[in-house]
Amino acid sequence: MTACPAPPLVLPGGFLDHPDGLAATGALLVRLLSGARVLVAPHTVHVHGHQAAWSSANVDARLAASLLKAQASAAAAALGDPAERLVDGLERAAWGTGVRQLHWGDPAEASPDEISALVKAWAQHGTRTPVSDDVFVHRTAADLPWRAGVEVGPAPGARVLVGVAVPLRGEHAVAQAVAAAALLGTPHVGRIPAQLRHELGLCYGSMAVPLVRGRRVALVAGVSTTTRFVADCALRLAAEVRAALSPADPQRWLRQARLVRTVAASRVREGLPVDAFGRCFLEAPEVGDVPAAQDAADRPAWFAHGPVPDAFPDVAREAW
Amino acid sequence: MVTALTIAASGGVLAARLPSARYLALGLVVPTGFALDAVGGAGSAHVAEHVATRRGAAAVEAPPALAAFTRCHATVFTTEALPEQAADAFGALAAAVTDAPVQTQVLDQERTAVRHELEVTAAEPTWRIGAAVAALLAPETGLAAEHAATVANIGSLSPAQVDGVLRDGYRPDRAVLAVVGDLAPDELLALAADAGFPTDESTSDTSPAVRVPSPGEDPDLPEAFGVSFLLPGPATGPVPPWASAVLGGLVNPRGPVASAVNAPPLAHSVMKCRYGWLASVVWPGAARPVPVDPGNRQALVAAARKAHLSVHDGLLVPTQVRDALVAQAEGTEACLAARLRPEFDEAAADDLARRLISAPNWWRLRAGRAELLETTR
Numbered sequence: 001m002t003a004c005p006a007p008p009l010v011l012p013g014g015f016l017d018h019p020d021g022l023a024a025t026g027a028l029l030v031r032l033l034s035g036a037r038v039l040v041a042p043h044t045v046h047v048h049g050h051q052a053a054w055s056s057a058n059v060d061a062r063l064a065a066s067l068l069k070a071q072a073s074a075a076a077a078a079l080g081d082p083a084e085r086l087v088d089g090l091e092r093a094a095w096g097t098g099v100r101q102l103h104w105g106d107p108a109e110a111s112p113d114e115i116s117a118l119v120k121a122w123a124q125h126g127t128r129t130p131v132s133d134d135v136f137v138h139r140t141a142a143d144l145p146w147r148a149g150v151e152v153g154p155a156p157g158a159r160v161l162v163g164v165a166v167p168l169r170g171e172h173a174v175a176q177a178v179a180a181a182a183l184l185g186t187p188h189v190g191r192i193p194a195q196l197r198h199e200l201g202l203c204y205g206s207m208a209v210p211l212v213r214g215r216r217v218a219l220v221a222g223v224s225t226t227t228r229f230v231a232d233c234a235l236r237l238a239a240e241v242r243a244a245l246s247p248a249d250p251q252r253w254l255r256q257a258r259l260v261r262t263v264a265a266s267r268v269r270e271g272l273p274v275d276a277f278g279r280c281f282l283e284a285p286e287v288g289d290v291p292a293a294q295d296a297a298d299r300p301a302w303f304a305h306g307p308v309p310d311a312f313p314d315v316a317r318e319a320w
Numbered sequence: 321m322v323t324a325l326t327i328a329a330s331g332g333v334l335a336a337r338l339p340s341a342r343y344l345a346l347g348l349v350v351p352t353g354f355a356l357d358a359v360g361g362a363g364s365a366h367v368a369e370h371v372a373t374r375r376g377a378a379a380v381e382a383p384p385a386l387a388a389f390t391r392c393h394a395t396v397f398t399t400e401a402l403p404e405q406a407a408d409a410f411g412a413l414a415a416a417v418t419d420a421p422v423q424t425q426v427l428d429q430e431r432t433a434v435r436h437e438l439e440v441t442a443a444e445p446t447w448r449i450g451a452a453v454a455a456l457l458a459p460e461t462g463l464a465a466e467h468a469a470t471v472a473n474i475g476s477l478s479p480a481q482v483d484g485v486l487r488d489g490y491r492p493d494r495a496v497l498a499v500v501g502d503l504a505p506d507e508l509l510a511l512a513a514d515a516g517f518p519t520d521e522s523t524s525d526t527s528p529a530v531r532v533p534s535p536g537e538d539p540d541l542p543e544a545f546g547v548s549f550l551l552p553g554p555a556t557g558p559v560p561p562w563a564s565a566v567l568g569g570l571v572n573p574r575g576p577v578a579s580a581v582n583a584p585p586l587a588h589s590v591m592k593c594r595y596g597w598l599a600s601v602v603w604p605g606a607a608r609p610v611p612v613d614p615g616n617r618q619a620l621v622a623a624a625r626k627a628h629l630s631v632h633d634g635l636l637v638p639t640q641v642r643d644a645l646v647a648q649a650e651g652t653e654a655c656l657a658a659r660l661r662p663e664f665d666e667a668a669a670d671d672l673a674r675r676l677i678s679a680p681n682w683w684r685l686r687a688g689r690a691e692l693l694e695t696t697r
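For the record, the sequence lines run as chains L and F. The first sequence begins at 1 in my numbering and counts up one residue at a time. The second sequence begins at 321 in my numbering and counts up one residue at a time.
This is chain L alone, in the form it adopts within the complex (with noise of 0.2 Å):
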């Protein structure tokens, strides 16, 4: 142990490198045994002021089982969040599984042999300091097959989040989804509510981002909106996520975007959660190219969360 305050520690590898549902049984493992701060990032574990030599650490099943428990409430917890719900709902439509689903994993499947081999790994790594911004981005990913259709999920309240999620492919795939969200909205500017909220009073908080994992692209937007209104916000979605494929001023929206990488970026490089709309910016490699327009790979898939009309289906189907 050292009393001093120690640089800024990153451990190498995420939730992608490790054994199904165990790197964020890790992370909280590390937090327990360091005292410290740490965040599970989309490729990486941050962890600040280290002080304890966890590298020999041996895990009881006791406190296995109190972490697995803790890393089920994380994951459900985070879920609250309705910006969370839509990337995780969209994900899940498009390609039958999410980053959640695959890599935090069902807490019964792991062992405490496993999280003590997980930490003993991680621990073996070694560290390595400053962060850079490289490290947030996926190496690789299962090439799963896109899953063209409509989810559709019960949820309380009033509130329903409709989705939308495009696939792209080429070689601009990554620039072109990122250039699009750009455009089409940030939570607050953008097409998305400059058009469905202002111009048209369709709905009240909106999403866009880029989907990247490994080979995978997709464009997903989303909007918050009440029953009433489902159907129009499905049916101008499809059409603002269509233009927004062919950007006037592209060079302007990756600039928009490498400001939202920034900020996120400046979040976890001091150990601070990341939202969704920041996290899903960090994923997609940073590109400098201006995106040459092409239309989407494939039909795309939709997601519908709360109160949901029993027409959306349909809808979701004309509308594209």
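Take these hints with a grain of salt, some might be off.
What the hints assert, rightly or not - Short derived list, chain L residues pointing at chain F, Cβ under 7 Å:
hint	residue
1	THR186
2	ARG197
3	ALA248
4	ARG252
5	VAL263
6	GLU270
Stated by the list, open to error - Covered stretches of chain L (chain F as the covering partner; in silico rule of three or more C-beta atoms under 8 Å from a C-beta of chain F):
hint	segment
7	157-165
8	201-213
9	222-228
Hints are computed from structural coordinates only; laboratory data are not their basis. Since this is a predicted model, take the numbers as computed values, not measurements. Glycine included, every Cβ here is placed at the ideal spot set by N, Cα and C.
Since the structure of chain L is provided, determine the placement of chain F on it from the hints.
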């Protein structure tokens, strides 16, 4: 880790240098809010906020994302910018603070947007419990007025009512601008001055007018009970920089109050208004007050001490420093410079904890209103 912050203030501008900052974080505080809405004009400050946000976005070539929040006595706009985007960010905030009359079409659109917002939040009853409790215990703070605007009454808002809010509050000389970045405070002040925000002493009083809201019934409130503690806010006198930590610890779910009731709380919060802070723990269902063990006071003060001494550690990125300056400008937190001073008055903190613990306000929600229960004193 200790954040190296340099803070400066001039006129209506608060500036802070954060050497690690890679972007600028800006905040604009306008002296109007939902507790200041004219009688019969509930929601006018909120709609004015939407109108100002649109003006800010429309005024510059590449508008930054402008987040906006209407609170009881202040309306806050925040944004971030890369150094090369600074001109647009300052320009958008400057454009938000204009008192031009609102166009009918814009008013209609933004009234609809606010109605949607109210519709969604109205379905979450815990959101409104705080307002009902404030109406009972602290109507003078403005916290009770948070839900005066409803889906039903927002439609009757007139252009004149929104214009009144814009005319009175949306002026550069009545606003406070907070700017944080890796630039010397003088440079940040100069950028603000270039954008039209006064940095001399010519600014007029930025304090909002005070209006006591008239709380109404809220038929959708759930059955619940709870305990609340009250402290005067910064506008009514000096607040010790660690007072917030004492209140927060008091209503922490693992703190001395929550542990006195043998059931998990539904919610806990510290609502802040410039005229008073209201800390509450809420449980579902109906129950009687229970005594709070004063023996926990020492742990509470120790936790507050730790929280006070680690304020620096919580100011790691520009948005956090900006938000702390905004809270200072709103009058909902003690001055940031005071919060950063290392002194912690153990005896005074202990005295505050003792006074708070000995004066719990137990209440329950019934028939759409909060009512005071017999206390355990």
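Hints, verified against the model:
1. THR186: At about 4 Å, which falls below the 7 Å cut-off, the nearest Cβ of chain F leaves the hint on L/THR186 intact, so it holds.
2. ARG197: At 6 Å from the nearest chain F Cβ, L/ARG197 passes the 7 Å test, so the hint holds.
3. ALA248: violated, 13 Å
4. ARG252: At about 6 Å, which falls below the 7 Å cut-off, the nearest Cβ of chain F leaves the hint on L/ARG252 intact, so it holds.
5. VAL263: holds, 5 Å
6. GLU270: Constraint on L/GLU270 satisfied, holds at 4 Å.
7. 157-165: holds (count 3)
8. 201-213: Check passed, 3 qualifying residues.
9. 222-228: Answer holds; 3 residues pass the 8 Å Cβ test.
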